[in-house]
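Peer 1: Residue strings, one per chain:
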Amino acid sequence: MSPGTETETPDVAKKTPLLEIKDLHVKVEGKNILRGIDLTVKAGEVHAVMGPNGSGKSTLAHVLAGREGYEVIKGGVRFAGSDLLDMAPEERAREGLFLAFQYPVEIPGVGGMNFLKSALNVVRKHRGLPELDAMDFLTLAREKMRLLEIDEKLIQRAVNVGFSGGEKKRNEVFQMAMLEPKLAVLDETDSGLDIDALKTVANGVNSMRSPDRAIILITHYQRLLDYVVPDKVHVLAHGRIAKSGGRKLALELEKKGYGAFGQSDASVAA
Amino acid sequence: MAVGSDTAKTIESATGGDYKYGFVTEIDMDFAPRGLNEDIVRFISAKKNEPDWLLEWRLKSYRRWLTMTEPRWARVRYATIDYQDSYYYAAPKPKELLNSLDEVDPELLRTYEKLGIPLDEQKQLAGVAVDAVFDSVSVATTYKEKLAEEGIVFCSFSEAVQTHPELVRRYLGSVVPYSDNFYATLNSAVFSDGSFVYIPRGVRCPMELSTYFRINAENTGQFERTLIIADAGSYVSYLEGCTAPMRDENQLHAAVVELVALDDAQIKYSTVQNWYPGDKDGKGGIFNFVTKRGACRGVNSKISWTQIETGSAITWKYPSCILQGDNSVGEFYSVAVTNNHQQADTGTKMIHIGKNTRSTIITKGISAGKGQNTYRGQVKILPGAAGARNYTQCDALLIGDECGGHTIPYIEVRNPTAHVEHEATTSKISDDQLFYCMQRGLSAEDAISMIVNGFCKQVLMELPMEFAVEAQKLLDISLEGSVG
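Residue numbers (this note's numbering), protein chains in the order written: chain A, 1 to 270; chain B, 1001 to 1484.
Everything labelled a hint here was simulated from the structure, so no lab data went into it. Any given hint might turn out to be false.
[Unchecked claim] EDC-like, lysine to aspartate or glutamate: derived pairs with alpha carbons at most 16 Å apart:
1. B:Lys1370 - B:Asp1281
2. B:Lys1473 - B:Asp1432
3. A:Lys232 - A:Asp38
4. A:Lys125 - B:Asp1446
5. B:Lys1428 - A:Glu106
6. B:Lys1060 - B:Asp1039
The whole structure should be built from the sequences, with the hints applied where relevant.
Peer 2: Rendered as structure tokens:
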């Protein structure tokens, strides 16, 4: 899985980048958080965006997903050939952008199954696919749950209500598997997980790898990358991509920490 | 029919044949002049050919009403109502029939469509001439024949006055006395029509009784009067509601509903109220000032109120239970929605008189826009109500930051063996929740609908199946435009 031109197939999807971020500057509450991000992700690739706390990792994830309160002051983002920043959050989702949240919110009273079925059908409708009825949905959900080793009871409960940290993250990965996005952004999905949960998450991500899909792993630690081998690794510091490289860069970071990038709030190793 | 014949005589002696007819001739039209006085009360009574005792009851109510003042304790604000500037009687005006749906207000049609009302029914509701595909009259008739086999009386209130005067006389005002409160007293003086139900001893009413057909057929006015009597061991489920928003010009709706449950009888009363709520700026809309009360007179009797209140500019309504019979049960399940400038002050009263009486109160108040939503409820345990229990749960959901949700419980316990529980929560649909849903592809409106329906599930479950679906759609419609 080494990145490079020699492994690329002359696939059309591969030629046009799925995601193209150019000179992106973003302000949050008047503070400049992103100061000129350039990042190109092609279909079929897995990118890891690493960086210390406060480097702008989560801001990047939220801007891509269309969260309010993030002011783009310069630059642009193209997604699958369209201007991403022009689209409403739900349009981005329907177009195939998925964000696995760092802190998935609880929605009392809304059953997980009902929630996911509605979301899936909205997305399917958008893609010109027929909507799934309850039986078909359940069959599909069970299949994915088995694959991801997720307890079936999870979707019988209200969305994220009373879930443990690990259950919330697994649920995010499960939703990703169900919605089959073109681009999945995982915002620190690995943080706070024990080794079993981490493996489940990694498993889920690996099962999602496909020539038509790109994945961005936003992470503080390199340990997830022991299980999900990225094509490219980027180090984010002070709102910019300070360095890009291959898998080795992550290992290097594990040894040296983020100090070399002028931010050293924590060690990279788990 | 002793009462009936007595009444006929009394009418003649008391009113004098020619006064009555003279009066009618004098007016000789289908509506009474604006304003309210004793003549208007007499006119209404005469129009309905009512027995003398009923006229006297109306007059007694009217005189009492003159001495009363409007209650102002509710947490609602509105301009003073000029009671002399209203019409108190108007015969159903035949609606001008339109030729096709093209002539109907498109917004109205859009709403019908959302409610999933079939096209023919849409035409019927909108006042378009239809052929006999959907014939509510014949449906109503088949209904009546089937019910009559069981001895069930289900008819308009006016009809019951003529056909079952003894029942009406015995129970009218026995739960909500003529002097009860300003609006109920006004209603007692000028009530137009409503429903009457009598379920004989031991009969389980084989179908849900609904005002639906009748309202469409007869166009009942603003002062409805409903009386339901469930004789010993009987059961009835009654549905009250309109399936479509009525663009009603009338400002004030002051209805009275009385329920009587005798030994081992059960009454389930469900309401979906969707009167015109006024426009986005709070102009227009119905003032819904309603008195609903049920008496569990017999032992082991049960009265259950379920209401979905999405309409009206102002709702002032406290469907209550008087738990008189030992072991009787009262229930109140409510969803009240206020959006834009709507105000609701609604709740219940559970008056525990008998031993081991039990009551449950579950209310869900949803506020959006500039809406104000108040739960006001009283739980009263009287000294004789040994072993009484009450459980109350009041939940408020806020959408946006300009609305309000309020909970005002009054709890009065005079028996040391009683158990009373009160729980209340307030929550807000957070931006985080909305964003999470939108990130999964749902629109903000779908997200709100999902969260609101989840919030109301406990109450919606109490509704008969087809009503629940309708109620859910109504919730969506009433909350339209509450975000973004």
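Peer 1: All the hints need checking, so say for each whether the structure fits it.
Peer 2: Going through the hints against the structure:
1. B:Lys1370 - B:Asp1281: holds (10 Å)
2. B:Lys1473 - B:Asp1432: violated (25 Å)
3. A:Lys232 - A:Asp38: Holds, at roughly 14 Å.
4. A:Lys125 - B:Asp1446: holds (15 Å)
5. B:Lys1428 - A:Glu106: holds (12 Å)
6. B:Lys1060 - B:Asp1039: At roughly 13 Å apart (the allowed maximum being 16 Å), Asp1039 of chain B and Lys1060 of chain B satisfy the hint.
This entry does not satisfy hint 2, going by the numbered hints stated previously; all others are met.
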